[in-house]
Amino acid sequence: MLTINKLKASIGDSEILKGLDLTIRPGEVHAIMGPNGSGKSTLASVLAGREDYAVTGGKADFLGLDLLEMDATARARSGLFLAFQYPVEIPGVSNINFMRAALNGKRAHEGLEPIAGKAFLELVKEKASLVELDGRLRNRSVNEGFSGGEKKRNEIFQMAMLEPKLAVLDETDSGLDIDALRIVANGVNSMRSSERSFLVITHYQRLLDYIIPDFVHVLVDGCIVRTGGKELALELEERGYDWIKETVTS
Amino acid sequence: MAYDGKDKVLEEVTAKAYEFGFTTDIESDKAPAGLNEDIIRMISAKKNEPDWMLKTRLDAFEVWKTMEEPEWPHLSYTQPDYQAMSYYAAPKQKQKLNSLDEVDPELLRTMDKLGISMEEQKRLSGVAVDFVMDSVSVATSFKAKLGELGIIFCSMSDAVQEHPELIQKYMGSVVPTRDNFFSALNAAVFTDGSFCYIPKGVKCPMELSTYFRINESGTGQFERTLVVADAGSYVSYLEGCTAPQRDENQLHAAVVELVALDNAEIKYSTVQNWYPGDADGKGGIFNFVTKRGICHTRAKISWTQVETGSAVTWKYPSCILKGDYSVGEFYSVAVTNNAQQADTGTKMIHIGRNTHSTIISKGISSGRSQNSYRGLVQIMPSAENARNFSQCDSLLMTDTSGAHTFPYIEVKNPSAKVEHEATTSKIGEDQIFYCLQRGIDAERAISLIVNGYAKDVLNQLPMEFAVEAQKLLAISLEGSVG
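As given, the protein sequences belong to chains A and B, one line each in that order.
Counting in my numbering, the first sequence runs from -3 upward without gaps.
Counting in my numbering, the second sequence runs from 500 upward without gaps.
No wet-lab data here; the hints were simulated from the structure.
In this text, a Cβ means the ideal position worked out from N, Cα and C, and glycines have one as well.
Hints should not be assumed to be uniformly reliable.
Stated by the list, open to error - With a Cα cut of at most 30 Å, we get these calculated DSS-like pairs of lysine-lysine: (1) B/Lys668 to B/Lys821; (2) B/Lys702 to B/Lys668; (3) B/Lys954 to A/Lys121; (4) B/Lys954 to A/Lys114; (5) B/Lys699 to B/Lys668; (6) B/Lys554 to B/Lys529.
To be verified - Listed next, the stretches of chain A that the computed footprint assigns to chain B, with coverage defined by at least 3 CB atoms under 8 Å from CB atoms of chain B: (7) 64 to 70; (8) 74 to 84; (9) 100 to 107.
Chain B on its own, in the form it takes in the complex (with noise of 0.2 Å):
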């Protein structure tokens, strides 16, 4: 039944504030502050990277320096000092790990806090982890029995020493080096994430996830996922991320490719939910993220994004429907409470024939917060008898939030139809009204109407993720409505 899931969700809200600040003593491998050629040298020796890796990172650095950071977004901040911050931060621990039983206690601990367990609770849920801490990846769950089918799921580390045929031919292919500042960035000080192959043909049987934490103080989060979907497969991908509550902005820029050959789909689902700064706007994470997918022929790319953390947003994760009879779709619960700033929204760029796009987007803003819809739609000429539809959704919760909607559409050939459709209200207190009358407490009535409001993203959600995702948009508004 629906709504069994659904309620238990809204009964465990409680008043909560960011429940995952935590930091966790653990005894970290550290770079100093800066960058410069010899840190970039220095990461590269660490993960004893072969040359052509080495020299990819020296390049983009060259290619950043000359680069500036974007100005455009509609976000207030102040730029991070990259030469303050360090560049990589590893937990230390044994050299090579055999099983998880070699994991530092420490480590344990930690995702089990965030609700992460890397044995049990997973298998029965068949969800396989890769758990990024700071800038490496701890540990990946599942591996053999993945390997088994021919999938490969490891840290990026990994796959640069094991799989350097498939990572020299994608990496960079979808989001290359000089696309912009953040990516340009993280090609250059990229230090872990995931990587993901699934051969051709083959279902992956179970949900691929990774964890993002960032622990240490004073360094930036670079990680880089690289999704390669061979023809006629499919995968699930999961993507959470939590930070522990500090008074310094943390940069986190990470980049997302996504390659979906022939007849393959991809389906990438991220729950948000990094350090927001307090309430006066102090701290908090600025999640400045490049994520983009190429479609093949017949292909499909599902982007699911449920964002409630991080003092600013950046990102746009995108789809390149390159084949013919691709499918690209984005979905997008974009939350911002106090003193919070998003400016999200996608890209769809249609080069195939018969190319479809769909795009949902809910904005939900309370404090002061700003909340802006950022949107390409783009027919090329090639793109005979492209699709697209846009739905852009703002909800306000308070006066002194904004909600803001960019859309740009170009088309470049006359036999596309494009629509848009978009609102902005206010959260009724009507409906409010209504909800209390039945008994219903004003906490409890927020976050079903937010819920409801949220629905056809939410509903795209793998289960135990929506699930996940109900609660944090509960918390994300405690206290929102007086």
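With the rest of the complex left out, here is chain A (with noise of 0.2 Å):
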């Protein structure tokens, strides 16, 4: 699905990403933990495509594609999904003529015609239940007056509607009650499939007790330093992010 192979991103001097490996199978889940100003939000942000990141080296492999030769729409439109960590707001852009329009463009990328309002509207009603968006939300200006756990589930319909083949969740648990967790949660397994990845970039273990991951990687300093299965997560909720930092220098 994606092989990402030593990865160097800066942002103006500063160098973000420092050779970051990383291999995601279909099927899987993995989760990106690690300290703030560790590079998880880079990261997404350099998949994505965000131009304000110049990629200094590495190469990444997405479904056979080059992916950083690729600009950010032909990303998405081959099945690259970003969940914001700050969702954006679109003031007079319903959020459902916003679905539309990205819900065409990536059907004129695989050669289908745009989608017909009628089949378009039943699609909006069966996956804004997922995450449990009512009518209001759908037909308001994108993420315009949401709340926080409002733009975050916003953010998974949005995810659900466009079905990606790798969803990369950007910290989409952080501003969440506990009962918006367990129904972005709860969207996102619905959605687990052996075709579809994600790539789950979290601060706290809390998520994972959710979605629960094939494998947890620690980020340190733009570069991974120690991969593992769940019970990696529960040991960093415990002993904090310092005693791998220490074993990484040492």
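Mind docking these for me? Both chains are given alone in their own frames, and the hints should help you get the complex.
Below is the structure:
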């Protein structure tokens, strides 16, 4: 699905990713944890093709395509989805108009006709129920006036609509109360399949109680320094990151 | 479903430059360049006008000669040479047309290209059209059907002949000759335009529309529109405009007057798409237009404009709220790209008691263009309990463009409530990236964001026009974010 080799990226003069390796196979759920400033969100942005970051080295293969050569739109249309840590508000553009533009963009890429109005509405209804996104939120402007939890649910709704092959969730749990966390996690779990992979970026083990990962990676200073199973997350929760930092430096 | 139409519009947006830049090869009757009494007499004679009309013109010319072109707008351009242009150009055609079949086929093809079908298409959508090319109105549809309701909808030339009492009563009553340099010029040399009268208590059953087209080179267009809504009547009026792509600057100096008598309502919508000049600022229309309406008791006038064209725009559609409880509204989206300049806004003059006005202005500047909002809210001593709400937003697409706001507020009655909100923002890279990450390409993303930004105004347009306007916004901003 995704193979990253020695990825280096910087913003301005500072190098954030310093030779990161990661392989994600179809159907796997990977979690990335790490202290503040270790490069977790940078990794998400670089994968999604944000141009603020300069890729200075390494390779990334996504479904046999050279990911780093593709623009952000092409990456999205090829099946890479990023659930934003801070979803953006777009005043005056209704949520469902936005989704329709997105879905039709993807369909055009796949050589399909734009989706018919009725089929689209049915799809919206079905996917919105996954994250309990009511009609009011569907018709409002994209994320405008949404609460923190509503924004995150909206991200998962969009993911469900676009049915990506690889979904990167960037701190989707931040700012969620326990009910919203459960709703979001259920939405994600209902989409797990042998064809679809997830990269879950989080600070806290809490989310991983709900979305059980196959692998947990620890990112420190721009590199993955340790990989384990879901029990690694528990260990991190208990002991913090310092002991890992120490083992890395020693 | 609301999203249906809008989505279709956005899908239709493709990489297009100015779409209406063609010229029609049609034999034209054109006056020699220059402005003097003889030319004015010639125009009047061509139109077989009564003496009072000629006198009005000559008086206006005398006034104009004493006036100076305004220099206060935030605009920089070379003033036109008023002696170098021609003041009359008319497509040659048979003297009097009895039906559309007699219209020159070349003209019909032009209308077709512009998307104005005088026949079937408009019959279906129920819009009556008056088509003005260069100096004359060439065709008006649905006259007979409207006539049954007592509605008069015809060219200004015909109105002068057939309804002199209405013209004498109302023409110049809202925008007097000496109002400003361009209104005086227009009063002297106007060649045609549209006239509309809605009788007492009649709700006009269809949208009335005038389509203005400049075709000839070396000419200016000076049309005059007068809409009179008698007591308790309603009309929605649309105006569209395009011009060929030329290297010269052409002058468009129009006057629009609206009269809303007691309890009447006029909704006036404009999609202005005059040729804006090329990317280097060469050519394009100088759009110097005076638009004003007067509201009598409990009357309402609503101006909606989508301005995307013209090299230079100078235009302030205004409302005189004379009657008690009258309402004035102004909704505007002004887009400037490349080297375009716009100085536009409104005036709300509150005279009557309990008068209300609303101003929503959305400026969008791209390229190295300059976009100014200039508005006056004036509360006269007699305007007890007047209310105004103004919101002026500016969106910058580039670092090299400029947005300016010049709000003037004069309150002479302490019971007034006047609110003014203004914002300036740069198009969010976060917003664009968010769209890109969802698989929406850059052009489409900008179109979505800009249309969303302008939504409060676009929502005021009649459906058919809204579609047009959304397309236009996207096209006007082609390639504006790198």
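Quick rundown of the hints versus the structure:
Between the alpha carbons of B/Lys668 and B/Lys821 the distance comes to roughly 18 Å, so the proposed pair stays at or under 30 Å and holds. For the proposed pair B/Lys702 and B/Lys668, the alpha carbon gap of about 22 Å is at most 30 Å, so the pair holds. Between B/Lys954 and A/Lys121 the alpha-carbon distance is near 25 Å, which keeps this suggested pair within the 30 Å criterion. Between B/Lys954 and A/Lys114, the direct Cα distance comes to roughly 24 Å. Compliance with the 30 Å bound is thereby established for this hinted pair.
A hinted pair counts as satisfied when its Cα atoms are at most 30 Å apart, and B/Lys699 with B/Lys668 qualifies at roughly 17 Å. For a cut-off of 30 Å, the pair hint linking B/Lys554 to B/Lys529 stands: about 23 Å separates their Cα positions. Check on the segment 64 to 70 of chain A: 3 of its residues sit with their Cβ under 8 Å from a Cβ of chain B, so the three-residue criterion for coverage holds. Residues of the segment 74 to 84 of chain A lying with their CB closer than 8 Å to a CB of chain B number 5, which satisfies the three-residue condition for coverage.
Note: the segment 100 to 107 of chain A has 4 residues with beta-carbon separation from chain B under 8 Å; the three-residue rule is met and the coverage holds.
Violated hints are absent here; each numbered hint is respected by the structure.
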